[in-house]
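J.: Residues per chain are reported as follows:
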Amino acid sequence: MIVLSTQSARYAGEIPAFERRIIRVSADPHRPTALRLREAFLVTSDIIPDGFGWYIFVNRPVGLVNGPTIELPSAFDYLADGDVLRLTPARNGLRVLFRRNASINSFLLTERCNNYCLMCSQPPRNVNDGWIVDEILEVLPLIDPDVPEIMFSGGEPTLLGDRFFELVQASKSYLPRTALHILSNGRAFADKEFADKLGKIKHHDLMLGIPVYSDLSHVHDYVVQADGAYDETIRGILNLRQSDVPVEIRVVLHKQTVTRLPQLAEFITRNLLFVSHVALMGLEMTGFTKANLDDLWIDPIDYRSELSKTVGILDRARIRTSIYNSQLCLLDRSVWKFAAQSISDWKQEYMPECDGCLVKGRCGGFFSSAHVKYSSHISPILVDDTSHAMG
Amino acid sequence: MSKFSPLEHFEDVLDAGYRLLPFRFIQLEGDDYVVSNMAGEFVVLDRVKLDEFAKCELTPHDPVYSELKAKHFLLDEDSSSAVDLLTVKLRTKFAPLANFTALHMFVTTLRCDHSCPYCQVSRANDDRQEFDMSRETALKSIELAFRSPSPVLKIEFQGGESLLNLDVIRFIIEEVKKRNSHENRDLQFVIATNLALLCDETIELAREHDILISTSLDGPEALHNRNRPRPGNDSYKRTIEGIHRVRRELGRDSVGALMTTTASSLSQSKAIIDEYIAQDFRGIFLRPLSPYGFAIKTKFYQAYDQSKWLDFYFEGLDYIIDLNLKGFAFTEYYAAMVLRKMLTPFQPGYVDLLSPAGTGVAAVVYNYDGDVYASDESRMLAEMGDKTFCIGNVHSNTYEEIFLNDTLLEALESSFAGSVPMCSWCAFEPHCGADPVFHHATQSDFVGKKPLSAFCNRNMSVFKGLIKRMNNNPEIRDIFERWAYM
Numbered sequence: 001m002i003v004l005s006t007q008s009a010r011y012a013g014e015i016p017a018f019e020r021r022i023i024r025v026s027a028d029p030h031r032p033t034a035l036r037l038r039e040a041f042l043v044t045s046d047i048i049p050d051g052f053g054w055y056i057f058v059n060r061p062v063g064l065v066n067g068p069t070i071e072l073p074s075a076f077d078y079l080a081d082g083d084v085l086r087l088t089p090a091r092n093g094l095r096v097l098f099r100r101n102a103s104i105n106s107f108l109l110t111e112r113c114n115n116y117c118l119m120c121s122q123p124p125r126n127v128n129d130g131w132i133v134d135e136i137l138e139v140l141p142l143i144d145p146d147v148p149e150i151m152f153s154g155g156e157p158t159l160l161g162d163r164f165f166e167l168v169q170a171s172k173s174y175l176p177r178t179a180l181h182i183l184s185n186g187r188a189f190a191d192k193e194f195a196d197k198l199g200k201i202k203h204h205d206l207m208l209g210i211p212v213y214s215d216l217s218h219v220h221d222y223v224v225q226a227d228g229a230y231d232e233t234i235r236g237i238l239n240l241r242q243s244d245v246p247v248e249i250r251v252v253l254h255k256q257t258v259t260r261l262p263q264l265a266e267f268i269t270r271n272l273l274f275v276s277h278v279a280l281m282g283l284e285m286t287g288f289t290k291a292n293l294d295d296l297w298i299d300p301i302d303y304r305s306e307l308s309k310t311v312g313i314l315d316r317a318r319i320r321t322s323i324y325n326s327q328l329c330l331l332d333r334s335v336w337k338f339a340a341q342s343i344s345d346w347k348q349e350y351m352p353e354c355d356g357c358l359v360k361g362r363c364g365g366f367f368s369s370a371h372v373k374y375s376s377h378i379s380p381i382l383v384d385d386t387s388h389a390m391g
Numbered sequence: 001m002s003k004f005s006p007l008e009h010f011e012d013v014l015d016a017g018y019r020l021l022p023f024r025f026i027q028l029e030g031d032d033y034v035v036s037n038m039a040g041e042f043v044v045l046d047r048v049k050l051d052e053f054a055k056c057e058l059t060p061h062d063p064v065y066s067e068l069k070a071k072h073f074l075l076d077e078d079s080s081s082a083v084d085l086l087t088v089k090l091r092t093k094f095a096p097l098a099n100f101t102a103l104h105m106f107v108t109t110l111r112c113d114h115s116c117p118y119c120q121v122s123r124a125n126d127d128r129q130e131f132d133m134s135r136e137t138a139l140k141s142i143e144l145a146f147r148s149p150s151p152v153l154k155i156e157f158q159g160g161e162s163l164l165n166l167d168v169i170r171f172i173i174e175e176v177k178k179r180n181s182h183e184n185r186d187l188q189f190v191i192a193t194n195l196a197l198l199c200d201e202t203i204e205l206a207r208e209h210d211i212l213i214s215t216s217l218d219g220p221e222a223l224h225n226r227n228r229p230r231p232g233n234d235s236y237k238r239t240i241e242g243i244h245r246v247r248r249e250l251g252r253d254s255v256g257a258l259m260t261t262t263a264s265s266l267s268q269s270k271a272i273i274d275e276y277i278a279q280d281f282r283g284i285f286l287r288p289l290s291p292y293g294f295a296i297k298t299k300f301y302q303a304y305d306q307s308k309w310l311d312f313y314f315e316g317l318d319y320i321i322d323l324n325l326k327g328f329a330f331t332e333y334y335a336a337m338v339l340r341k342m343l344t345p346f347q348p349g350y351v352d353l354l355s356p357a358g359t360g361v362a363a364v365v366y367n368y369d370g371d372v373y374a375s376d377e378s379r380m381l382a383e384m385g386d387k388t389f390c391i392g393n394v395h396s397n398t399y400e401e402i403f404l405n406d407t408l409l410e411a412l413e414s415s416f417a418g419s420v421p422m423c424s425w426c427a428f429e430p431h432c433g434a435d436p437v438f439h440h441a442t443q444s445d446f447v448g449k450k451p452l453s454a455f456c457n458r459n460m461s462v463f464k465g466l467i468k469r470m471n472n473n474p475e476i477r478d479i480f481e482r483w484a485y486m
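In order, the protein sequences belong to chains A and B.
The letter at position 389 of the first sequence is residue 389 when you use the numbering used here, and the numbering goes up by one with no holes.
The letter at position 7 of the second sequence is residue 7 when you use the numbering used here, and the numbering goes up by one with no holes.
Each statement offered as a hint is correct.
Some chain A residues judged to face chain B by a derived CB distance under 7 Å, without partners named:
#, residue
1, Asp215
2, Leu216
3, His218
4, Asp221
5, Tyr222
6, Asp231
7, Phe267
8, Asn271
9, Leu273
10, Arg316
11, Ala317
12, Arg318
Rather than coming from a laboratory, the hints here were simulated on the basis of the structure.
No residue lacks a Cβ here, since even glycine has one placed at the ideal position from N, Cα and C.
I would like the entire structure built from these sequences, with the hints used as guidance.
T.: Laid out in structure tokens, this is it:
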């Protein structure tokens with residue numbers, strides 16, 4: 001687990017008066033002087049060039065430098081050139097907003113949402129958080145344009161209305177080679193014009209990840225706790241198709257969604273065959289999940305065969321399919337090749353039962369939150385006869 | 001009170017009842033019925049459940065309710081997106097119609113080195129050049145082909161033995177490519193040949209223009225040679241050598257083979273399939289014999305009745321299914337086409353299973369003499385003296401005159417299965433097609449009386465046979481899904 005934010009950064013020196021500042025990290029002692037003032041230099045040796053706006057010392061004594069310093073604990077020793085930080089010196093605060101070396105960087109666009117999913121990992125709050133958009137608009141131009149992918153999540157990003165399109169446009173403009181993955185419930189796109197607006201941005205590599213939890217409207221509406229959500233989501237997906245925006249369907253696996261999982265797969269093949277990807281995702285033990293555990297928890301071992309059946313249906317229909325947030329020892333070997341190591345590195349862990357497992361290196365592992373509850377069937381794989389099956 | 005509502009809260013609205021969406025049903029066997037919706041999705045219900053459903057008496061907690069709701073047979077107060085989805089599915093099925101004709105068949109010559117008694121197109125002595133297509137006819141035909149709005153143009157060379165007029169094949173390909181430099185269609189070329197006369201020149205031409213080879217293989221050597229006599233009685237040997245030469249020099253997937261079923265084939269389904277496996281094909285099309293050309297003249301068509309063919313077909317199909325169950329992937333293409341209609345949102349372009357009929361729409365034939373036929377079968381019929389489906393001539397008619405030909409339009413309109421007696425209420429209508437040429441040939445009527453129709457009888461049996469097999473065995477269903485999405 002990686003720590004992204006702290007309230008105990010130690011700021012020293014002549015600190016300019018501001019509440020909040022977005023700044024890029026540089027580890028390059030030969031950085032052109034013209035750029036230095038608006039960047040923070042990450043001190044990694046005795047060579048400390050002059051002229052940077054800030055100097056960061058991670059787990060090392062603060063040296064004598066010409067400028068304000070930030071001292072951070074060893075938990076931040078992953079910091080590297082190209083990372084982007086938010087500094088709030090008045091509160092000794094520091095947050096890492098972008099990590100150059102992370103496989104994917106995710107930006108929460110808003111905490112507001114019009115669904116209220118039983119298993120929400122990011123419980124919505126009805127707050128005025130428009131400042132987040134301003135911050136991301138400030139961060140995007142600082143991001144290395146060679147990063148392969150970024151993600152927008154929420155809350156429900158589309159609730160931002162026009163500001164949502166502003167963010168998509170900015171990521172297209174400043175990151176012309178970077179894929180953009182947006183997590184949305186898709187309801188806003190039931191409005192054809194809204195879908196069209198997104199299509200017209202013509203983002204070069206956009207994918208909308210939209211959850212469909214059941215082939216039955218009332219079950220989906222129950223899971224997302226919103227009457228009429230299913231119809232809007234389905235119409236939204238159809239409209240996005242019309243507007244040439246690629247869609248991924250995301251299904252969180254729990255007691256309410258696994259019983260009709262093969263039927264949902266069949267529904268997708270008959271009605272939404274055009275989707276680019278289907279992600280079948282293990283439950284994260286955080287947010288609302290803990291409150292609704294009785295209604296949600298099912299040991300993955302108990303839906304193992306439904307999951308295999310589901311993957312089979314989707315795969316035969318040639319839909320790209322992945323299993324996320326799952327452990328190989330709970331899956332039929334026939335579907336191992338669909339299991340992805342999807343948990344963000346800063347949340348990924350393994351359990352004591354995993355000791356000695358031969359396939360740990362390619363297993364998705366656990367969310368750090370899994371300590372709350374996880375399968376009682378986790379056991380190390382001691383015979384690895386499947387390397388041929390991993391594709 | 002919890003801030004979360006229980007499932008029951010979202011189910012309340014279901015108590016208001018449901019409305020029926022358009023559906024049709026037909027008996028499968030015993031008390032089991034196939035019930036299908038407009039898009040061809042189907043469920044198998046017993047009579048009691050079907051009755052309950054139709055009377056709007058199913059309760060929301062009945063698993064059948066869930067299945068019928070999810071597959072868009074009923075509409076309850078909770079959701080109306082079923083109508084949107086059905087609309088999209090129906091539109092998807094009919095979308096290919098807008099592209100009009102993609103397959104353009106050029107009969108380069110009627111001459112042939114074989115003298116097959118079942119030949120569905122008359123052959124001629126193979127040195128009489130008056131049966132060859134001229135360059136003038138070829139140019140006029142190309143002109144018409146490019147009038148088709150289809151983004152894909154598939155040009156297929158037929159005979160006789162098409163290679164006996166290789167010059168005109170080369171001429172047509174070059175002219176089509178010249179023309180395409182500004183038309184930018186997606187071009188595909190296919191040569192239908194018995195491969196007996198395969199020469200270096202043909203291989204070179206095929207390599208240069210990525211031509212696919214389609215040949216005839218009727219089964220094991222004795223059967224093949226008996227069906228397909230030629231001087232020297234060596235058709236099998238030449239065909240097999242040709243197949244392997246094409247694979248070696250052009251690529252494994254550059255050659256496909258079709259078999260023709262004759263009376264002698266009927267007892268040999270496994271041997272025929274084994275022959276295809278031995279020759280490294282990945283599937284076989286177990287074809288019915290069509291009632292045209294010499295087939296009728298020589299009584300081949302009457303030589304076996306429909307039920308014998310069905311026995312042959314299902315014996316072969318079960319043999320193939322068994323191979324798949326044991327892990328060997330091999331496809332029966334007729335089933336695959338039907339299954340694509342049953343299990344996927346797609347509409348396969350197979351001419352015989354389209355409604356509106358594929359006649360003149362999905363495919364068109366330019367005969368060696370410039371006559372234009374609405375299908376390969378239409379040309380066979382003409383060779384028997386019935387030129388009903390000759391829809392014009394490239395030298396004397398315009399594109400509009402040919403494709404708005406009264407006979408063609410009447411045949412298409414009157415045979416549309418969605419409005420034909422017995423078809424329009426048949427649960428298999430979304431899976432079936434219209435074949436006005438067949439019904440004209442056998443019943444002198446574009447529509448035909450379905451109880452007397454071998455086309456209806458055969459397809460009905462195939463549909464039921466496929467559904468029974470996949471319904472009884474989930475593993476077979478898996479195999480069928482694979483075939484459907486090929």
